[in-house]
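A.B. asks: Using the sequences plus the hints, can you model the full thing?
Residue numbers for the sequence shown follow our numbering, so the first one is 93 and each next one is one higher.
What the hints contain is simulated information worked out from the structure, not anything from laboratory work.
Check each hint, because a few of them may be wrong.
[Said to hold, decoys possible] Computed list of lysine-lysine pairs in DSS-like fashion (alpha-carbon distance at most 27 angstroms, straight line):
1) K172 - K375
2) K375 - K330
3) K405 - K375
4) K375 - K178
5) K375 - K396
6) K330 - K405
7) K330 - K396
8) K375 - K267
9) K267 - K172
[Claimed, not checked] Computed Cβ-Cβ distance ranges for the label pairs, DEER-style:
10) R370 - P327: 16 to 26 angstroms
11) H315 - S111: 19 to 29 angstroms
12) L382 - L297: 13 to 23 angstroms
13) T148 - A119: 15 to 25 angstroms
14) R151 - V385: 21 to 31 angstroms
15) P150 - D300: 40 to 50 angstroms
16) K375 - G323: 16 to 26 angstroms
17) L379 - S314: 23 to 33 angstroms
18) L382 - P360: 23 to 33 angstroms
19) A157 - S314: 41 to 51 angstroms
This one's a predicted model, so the numbers in the text were calculated from it and none came from an experiment.
Don't be surprised by glycine CBs; every beta carbon is placed ideally from N, CA and C.
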Amino acid sequence: TQIPGLLALMHAAGYGRDSERALDCTAVGFALAPRLNAAGRMDHAREAVELLTTATGPRAEELAAWLEEQNRDRQATERKMADLAKEQLTTDNWPLTTPYVLVVAHESFHAGVVGIVASRLVDAFHRPAFVLARNPAELHGSARSIPGFDLHLAIDHVRDLLLSGGGHAMAGGVKLAAHHLDEFRRRLNDYARLHLAEEDLVPTLPIDAVLTLADCTPAVISHLERLEPFGRGNPRPKFLLENVRLSAPPRRVGVTGNHLQLTVSSPPSKGGAGRVARGIAFKMGELEPLLPVGTHLHLVVEPKVDCFNGITKVDLVVIDLARCDNEPLGAP
93 TQIPGLLALM HAAGYGRDSE RALDCTAVGF ALAPRLNAAG RMDHAREAVE LLTTATGPRA
153 EELAAWLEEQ NRDRQATERK MADLAKEQLT TDNWPLTTPY VLVVAHESFH AGVVGIVASR
213 LVDAFHRPAF VLARNPAELH GSARSIPGFD LHLAIDHVRD LLLSGGGHAM AGGVKLAAHH
273 LDEFRRRLND YARLHLAEED LVPTLPIDAV LTLADCTPAV ISHLERLEPF GRGNPRPKFL
333 LENVRLSAPP RRVGVTGNHL QLTVSSPPSK GGAGRVARGI AFKMGELEPL LPVGTHLHLV
393 VEPKVDCFNG ITKVDLVVID LARCDNEPLG AP
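C.D. replies: Shown next as structure tokens:
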């Protein structure tokens, strides 16, 4: 691109012309787009529009830095809201009293971030989730769903309780009077119990193929780039790495330590040495004390080729993990 504002945003996000980081579809989706969206989520979108249309020189750099700050604020707000929402949901009787549809509301919830937090709850609990910002008179917010539960139809089912509402199968939004909250929650769950089976509430993770660490070379994994661009209609392939050994202590990384860096190895093959690879497990930092060196794991990974300081290697993005002996994490 030759758009000065977009070049400034790329530089602020660590993808400048001198950077070796690949500006691929993942970078666009998870680095550039969230920074642009942060303006409208946290304040107003006018600065993002200005950045993409008229900003040049120092003004472009100023706006890119401002968007960087807005995105950090959005991330911090999201974490606080997600923690508070999970506190509301996890009572002493959890999971025996787990509702089919999660509905959380709080006066501190930021209206611009409710949809993201609803997605976080769906990821954590595999239930449809409504996250509502509350004021004394009204509640308004966003919802996200799971396969098999059409949010649009569910919202229609409770429309008599709503001031407004709509959406599609997987996402929606509602506004309702505050005094209708308990009835809204009850009727949504009554509806969900009729339309969701127990197996619908068990998350599944499709796996495309089985790999070994010996397969995880730049020459092999670079072929995956031919399948790009990846996105919702064309997800990045996921692979199973079976029976790898944790060969070094896991390390918490990231500003808040909420990610986990893993070093794993495979047994030596006949006539050859074992392979070693490093992976990053996003948002799994809390597992660090449960993973002693020597633990044998199955990993679901998305391998990516990375080039840094002239060195090309394969990084493993860890999507999920389990002990090979099927014991829960942390078991002796």
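A.B. asks: Per the hint of 41 to 51 angstroms, is the separation of the Cβ atoms of A157 and S314 within bounds?
C.D. replies: violated, 34 angstroms
A.B. asks: Would the pair K375 and K330 pass a check requiring their Cα atoms to be no farther apart than 27 angstroms?
C.D. replies: Judged against 27 angstroms, a Cα distance of about 18 angstroms means the pair holds.
A.B. asks: Check whether the Cα positions of K375 and K178 lie no farther apart than 27 angstroms.
C.D. replies: holds, 15 angstroms
A.B. asks: Below or equal to 27 angstroms on CA atoms is what counts here, so check K267 against K172.
C.D. replies: Holds: K267 and K172 sit about 22 angstroms apart, inside 27 angstroms.
A.B. asks: Is 23 to 33 angstroms a correct range for the gap between the Cβ atoms of L382 and P360?
C.D. replies: For P360 against L382, whose Cβ atoms are near 27 angstroms apart, the range 23 to 33 angstroms holds.
A.B. asks: Between K330 and K405, is the straight-line Cα distance small enough, at 27 angstroms or below?
C.D. replies: Status holds; Cα separation ~18 angstroms.
A.B. asks: Would the pair K375 and K396 pass a check requiring their Cα atoms to be no farther apart than 27 angstroms?
C.D. replies: holds, 18 angstroms
A.B. asks: Cβ-Cβ distance between P150 and D300: within 40 to 50 angstroms?
C.D. replies: holds, 47 angstroms
A.B. asks: Lying within 21 to 31 angstroms: is that true of the beta-carbon distance R151 to V385?
C.D. replies: violated, 51 angstroms
A.B. asks: How does the Cβ-Cβ distance of H315 and S111 compare with 19 to 29 angstroms: does it lie in that range?
C.D. replies: Given about 24 angstroms between the Cβ atoms, the range holds.
A.B. asks: Are L382 and L297 spaced within 13 to 23 angstroms by their CB atoms?
C.D. replies: At 20 angstroms between Cβs, range holds.
A.B. asks: Given the proposed pairing of K172 with K375, does the C-alpha separation stay at or below 27 angstroms?
C.D. replies: holds, 14 angstroms
Comparing the model with each numbered hint stated earlier shows that hints 8, 14 and 19 do not hold.
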